[in-house]
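Just need the whole structure built from these sequences, with the hints factored in.
If you're matching them up, the sequences are chains A and B in order. No gaps in the numbering here: position 57 of the first sequence is 57 in this note's numbering, and each next residue is one more. No gaps in the numbering here: position 44 of the second sequence is 44 in this note's numbering, and each next residue is one more.
Because the hints were derived from the structure by calculation, they are not lab data. Just so you know, not all the hints are guaranteed correct.
One copy or two, it doesn't matter: identical chains are merged, so the pair holds either way.
Below 20 Å or equal to it, Euclidean Cα-Cα: the simulated EDC-like pairs (lysine to aspartate or glutamate) are [unchecked claim]:
1. K184 / E227
2. K87 / E399
3. K308 / E92
4. K168 / E92
5. K253 / E140
6. K169 / E92
7. K243 / E399
8. K243 / D262
9. K145 / E40
10. K24 / D199
11. K87 / E309
2 protein chains.
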Amino acid sequence: MKPNFSLRLRIFNLNCWGIPYLSKHRGDRVKRLGDFLNMESFDLALLEEVWSEQDFQYLRQKLLPTYPAAHYFRSGVIGSGLCVFSKHPIQEFTQHVYTLNGYPYMIHHGDWFCGKAVGLLVLHLSGLVLNAYVTHLHAEYNRQKDIYLAHRVAQAWELAQFIHHTSKKADVVLLCGDLNLHPKDLGCRLLKEWTGLHDAYLETRDFKGSEEGCTMVPENCYVNQRELEPFPFGIRIDYVLYKAVSGFYISCKTLRTTTGHDPHSGTPLSDHEALMATLCVRHSPPQHTHSPTHGGPAERSRLISVLKEAWAELDLGMAQARWWATFAGYVIGLGLLLLALLCALAAGGGVREVAIMLWTPSVGLLLGAGAVYLFHMQEAKGLSRARAELQHMLRRAREAHNLDPESQAALFLGQQEGDRSEEQ
Amino acid sequence: MKPNFSLRLRIFNLNCWGIPYLSKHRGDRVKRLGDFLNMESFDLALLEEVWSEQDFQYLRQKLLPTYPAAHYFRSGVIGSGLCVFSKHPIQEFTQHVYTLNGYPYMIHHGDWFCGKAVGLLVLHLSGLVLNAYVTHLHAEYNRQKDIYLAHRVAQAWELAQFIHHTSKKADVVLLCGDLNLHPKDLGCRLLKEWTGLHDAYLETRDFKGSEEGCTMVPENCYVNQRELEPFPFGIRIDYVLYKAVSGFYISCKTLRTTTGHDPHSGTPLSDHEALMATLCVRHSPPQHTHSPTHGGPAERSRLISVLKEAWAELDLGMAQARWWATFAGYVIGLGLLLLALLCALAAGGGVREVAIMLWTPSVGLLLGAGAVYLFHMQEAKGLSRARAELQHMLRRAREAHNLDPESQAALFLGQQEGDRSEEQ
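Take a look at the structure:
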């Protein structure tokens with residue numbers, strides 16, 4: 001690789017809102033998306049919520065001349081909804097399906113059936129190894145009372161760990177997707193602190209698009225306006241994140257979003273806004289590479305604080321999962337008693353017909369409670385796994401912090417200030 | 001690191017057969033295992049089938065002075081059964097739960113409830129990065145008619161991919177565990193060809209233990225003798241596999257197995273035999289590192305052939321999964337019809353009581369068929385995902401093969417020979 005090496009990457013990301021039978025104007029939107037991607041000829045187009053494999057196959061055919069490489073990540077009952085189109089050959093791909101992804105009995109939310117995942121592509125571009133990740137985390141249906149918070153935090157942690165462990169030899173790491181996390185949400189901070197990824201919107205000097213970079217905006221006719229009421233400009237939950245290892249420097253030259261219309265001011269391509277980033281990678285003198293537990297004292301303090309916060313959240317989630325498993329256990333016991341009683345009544349005559357009629361619901365209750373028990377036992381195991389990993393990393397970060405003289409000084413000054421404020 | 005760097009690693013691996021209430025003499029065996037591990041003071045002890053977390057906690061307490069670091073990998077409803085004890089600090093750990101792992105309705109086999117997984121530990125030993133993996137694949141209950149074959153092949157592929165993608169910056173890779181695969185089984189060949197891992201039993205010059213390195217032997221009093229009838233010496237399904245990257249050389253100095261008794265000739269520690277390996281890592285001149293698609297022509301030919309074989313097996317598995325999903329779909333239709341008929345009969349009088357009595361089984365049938373449908377849809381997606389990854393790698397290996405003049409010559413000679421043998 002030449003020392004004046006420089007690479008420009010044009011990236012497209014969109015949550016396509018492609019739910020068969022439910023999403024409005026799906027066919028037309030997919031067609032227009034294909035036209036747009038063909039016209040713009042990005043290096044990489046990363047899409048989420050392409051739930052129908054037919055839509056992917058349609059796009060694949062349509063985009064073949066411009067994007068010879070493509071992949072659809074299959075998982076769960078329905079699919080992950082993730083797919084990619086690339087102008088450059090894909091060397092390798094794989095995926096990781098999140099251990100926790102909502103509840104099967106929340107059928108109206110449907111996330112559990114999708115098998116939400118993170119997909120990884122390895123590309124070799126002019127001798128540079130690019131690991132590109134695309135993901136979609138569990139949706140947030142009620143911000144005030146979010147029953148999926150622990151799952152989303154666990155997903156953010158698994159995502160961060162997957163990136164951390166699979167990108168150790170990559171020169172450049174790129175993550176695009178719908179994180180269903182606001183920029184200051186715990187999951188988003190955890191992901192950024194653990195992986196060292198930078199947010200294109202915060203880094204670029206040339207941004208054009210929706211106010212505050214929002215990717216769900218009230219101007220979009222497909223958006224549920226009531227849900228966006230507390231956020232006058234909309235919300236920013238779709239991201240382009242990146243980092244380069246030592247020896248390379250990556251920056252975001254330009255970032256564009258659509259603004260509630262399609263790029264040519266027609267009906268929007270989706271209920272989310274598209275992100276279009278131009279990244280520039282070039283050689284740089286070797287320097288300190290991001291390592292989660294070996295940054296400066298300030299970095300480490302932030303990491304320790306976010307790890308603690310995530311740990312506490314997962315702990316709450318675990319307590320809840322165990323409560324449900326115990327509750328289901330009691331219901332199983334009661335259901336068995338009820339069934340025995342009904343059998344006795346049916347055999348004894350008298351209320352025989354009523355007893356027989358009640359069999360169906362009581363057997364249903366028993367089976368349902370059994371399934372709920374198994375599910376929440378599994379949930380507790382999944383949360384406990386993520387919590388153990390977090391706890392280990394928290395311990396290591398604290399050890400590194402305690403060993404570092406700079407941190408010791410900062411801690412000492414912090415304590416002195418604390419003492420002073422207590423005295424006042 | 002000094003150029004005369006050399007590191008000796010003593011490794012222990014055992015499938016502990018620790019099923020609460022079912023495995024014989026569990027408490028006593030766990031106690032003796034703890035005593036043995038304490039006495040031998042291995043660098044790393046990797047255990048499978050420690051199903052009870054209490055057993056892990058007991059061992060953790062007992063082994064704390066000799067093995068200060070330990071971790072239990074949690075997953076599924078019951079757990080993964082995997083745990084590790086290390087003399088050296090564990091830098092990082094994570095795990096990957098296999099997408100496919102049997103069927104929930106095969107309750108008597110129980111694998112589905114375990115959440116079989118691969119655990120990863122990252123250790124830093126004298127400046128050397130060691131990635132140690134421990135795993136346990138789906139059991140084989142009937143070798144003649146193995147309904148889990150596609151799942152085990154998919155697991156072997158996911159295991160190989162997980163190692164491939166997470167070990168890119170490791171100096172040494174170690175994999176221990178119960179693969180439930182004989183040495184020449186498809187899954188075992190796939191794993192070795194894709195990762196470049198070497199088999200300690202085949203590599204070492206100093207082996208002492210059971211005949212042919214078997215890890216389930218008829219001499220073991222806990223082994224089901226009938227299952228081992230076709231194999232007079234037993235079977236070899238537990239492995240110590242390893243590799244080093246360029247700049248390092250790893251060899252297996254000694255390999256020992258127990259031989260149906262505990263190491264001091266008492267009752268065995270488990271129904272499996274323990275593996276004890278002494279590995280030696282030292283510096284070596286940088287040389288060609290294993291890359292799945294960039295080996296020599298012979299290596300690539302073997303890889304292509306095993307990828308093709310695995311692809312065909314997954315394809316068969318997919319067809320079967322789809323057949324079951326379609327069948328369940330028909331049963332759902334029939335169940336709905338039956339339920340409608342029963343409602344009509346119940347309303348009409350006459351056979352009212354019989355109709356009501358049949359509600360329970362018909363609702364059960366409907367729900368059961370629904371669950372089977374969802375499960376096999378998910379199975380088909382999982383198999384299809386692994387097949388797509390295999391297919392991509394097969395294409396890339398073939399491309400590399402076609403571009404290589406040596407392979408071309410080999411292919412040409414092979415064809416000539418083929419032509420000659422056809423002529424004869």
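Verification of the hints:
In this homomeric assembly, K184 and E227 come within 20 Å of each other (Cα to Cα) only inside a single copy, at 19 Å, whereas the closest approach across copies is 58 Å. Taking CA atoms no more than 20 Å apart as the test, K87 paired with E399 passes between copies only; the shortest distance there is 18 Å, against 45 Å inside one copy. Taking the shortest Cα distances, K308 and E92 sit within 20 Å of each other only across copies (17 Å), while inside one copy they are farther apart (35 Å). Proximity of K168 to E92 under the C-alpha cut-off of 20 Å is found in both arrangements, the shortest distances being 15 Å within a copy and 13 Å between copies.
With identical chains, the CA atoms of K253 and E140 are never at most 20 Å apart, being 31 Å at best within one copy and 55 Å at best between copies. In this assembly of identical chains, K169 and E92 lie within 20 Å of each other by CA distance both inside one copy and across copies; the values are 14 Å within and 17 Å between. For the identical chains of this complex, K243 and E399 are neighbours neither inside a copy (26 Å) nor across copies (31 Å), given an alpha-carbon limit of 20 Å. Taking CA atoms no more than 20 Å apart as the test, K243 paired with D262 passes in neither setting, with 29 Å inside one copy and 52 Å between copies.
In the homo-oligomer, the alpha carbons of K145 and E40 never lie at most 20 Å apart, since the shortest distance is 41 Å inside one protomer and 53 Å across protomers. With identical chains, the CA atoms of K24 and D199 are never at most 20 Å apart, being 31 Å at best within one copy and 56 Å at best between copies. Within a single copy, K87 and E309 get their C-alpha atoms no closer than 41 Å, and across copies no closer than 30 Å, so neither meets the 20 Å cut-off.
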